[in-house]
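Chain residues, written in single-letter form:
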Amino acid sequence: MSEIFGWLPNLLSGLKTTLLLTVGATFVACPMALAAGLARLSRNPFFYGPAVCYIEVFRGTSALIQLFWFYYVLPHFGFQMEALTAGILVLGLNIGAYGAEVVRGAVQSVPREQYEAAKALNFSKMQTMKKIILPQAFVAILPPAGNLLIELLKSTALVSMITITELTFKGQMLRASTLKSTEIFGIILILYFLLALSITHGIRKLERRFSYVKV
Amino acid sequence: MSNKNALKPAIHMQKVCKSFGKLAVLKDLNFEIQPSRKVALIGPSGSGKSTILRILMTLESIDSGRVMIDEEVLYEVKEGAPPPHLAEEHVSKIRAKVGMVFQSFNLFPHMSVLRNITEAPVHVSRISKEEAEARALEFLDLVGLKNKVNAYPAQLSGGQKQRVAIARALAMQPRIMLFDEITSALDPELAAEVLSVLRNLARTTDMTMLLVTHQMHFAQEFADRIIFMEHGTIVEEGSPEKIFQQPKEERTRSFLKTVLEAT
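Protein chains in written order, with the numbering used here: chain A, 1 to 215; chain B, 216 to 478.
Just so you know, the hints here were simulated from the structure itself, not pulled from any lab data. Some hints could be false.
Stated by the list, open to error - Here are the simulated DSSO-like pairs of lysine-lysine, each with C-alpha atoms no more than 30 Å apart in a straight line: (1) B:Lys361 to A:Lys131; (2) B:Lys457 to A:Lys119; (3) B:Lys223 to A:Lys119; (4) A:Lys119 to B:Lys463.
Using the sequences provided together with the hints, build the complete structure.
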């Protein structure tokens, strides 16, 4: 037991990095998903062209290779960045690409009649999006967004491949020095699970807060 | 036709053609409606009645012809020519004169009844929130739903939803109101409460009203002019007495016979 307490500082510092990666990447992913999702729906090729490229490239290639590119290849072209920055960017852009399709689907799920009602009341296109369509789409975005956030949390373990010592990497280091695989990975499993659970809980709360079918 | 304001029709359609793919919905349609008139469009499904309303609300474009509202050109398209680009500012100015109530209500489900009604006056007409709310309450009173001010659309019956939709359209103070089969999705009992609101409205305002309906009895008492359409053209028009008691055209007679027998 006292052994476990001995590991804690190490595991907690790993946990901190994992949280930092998850939160940081979420802040990258949300605006990317919104911007690319909406641009994807535009009829203007200057908007949807770049959006399609972004979405397909980041969904269609492995996140691990993307990490290697950002950390090992881009410096050859003059873009040097910290491992943590690269990790946050890649994870965020990756989840953002999936999120863009979620946003697109949710916006398209709002019935055409809502646009017509907005037009009949003389709302501008911008106002229609902001006041009528997006608030309704938001409710449909939440459940799949929860999925993506949990996916993001779990994929933070990938960044150990570019020298970041997050939770999983810390665990491996401890295992190498103590050989207590069961205990260490048991603790790590529980920690990930608790984090995922709190994401689920947070999304549920948002869903209840923003659900408009208050019967 | 009345001489009152005869020179300045509120709605004027000239040689309007509209197709959806290969299906011609409106064929060389001509008609005008004088201000303050209450006009009912009747005819079989697919005759192009709703399309007229949707064009006037700028929800559909036209293929050729000219559409004017209050003597201002809303659409003017030469046959075969590409549709001219209309400045959104211009269209929006004309659109402000027109309000529409839909068959499927189309309330905003994420807003309370009050916000459904005040949102456009506040953000489009830019009147103060206090004024918009005062106005909303007036119109809710008019449609008999003052007690539902804080309810959400999901908590209302179909008839109540439609009455809120009427209040929402009225709150923008349009000069022309379009009603597109507004009771078709309702049980007879709920339809009756909506029609009674409409009847009141027709009596008490000088708005121009254009109504598409399948309820002949209502059309007869609501309208001062009936237009019977079939296959994208006007077959016959005139006063309710003329259309319902002495229709000239055989097609009008057979249509009325069918629908009146059914009800």
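*Taking each numbered hint in turn, which are not upheld by the structure, reported in ascending numerical order?*
2, 4
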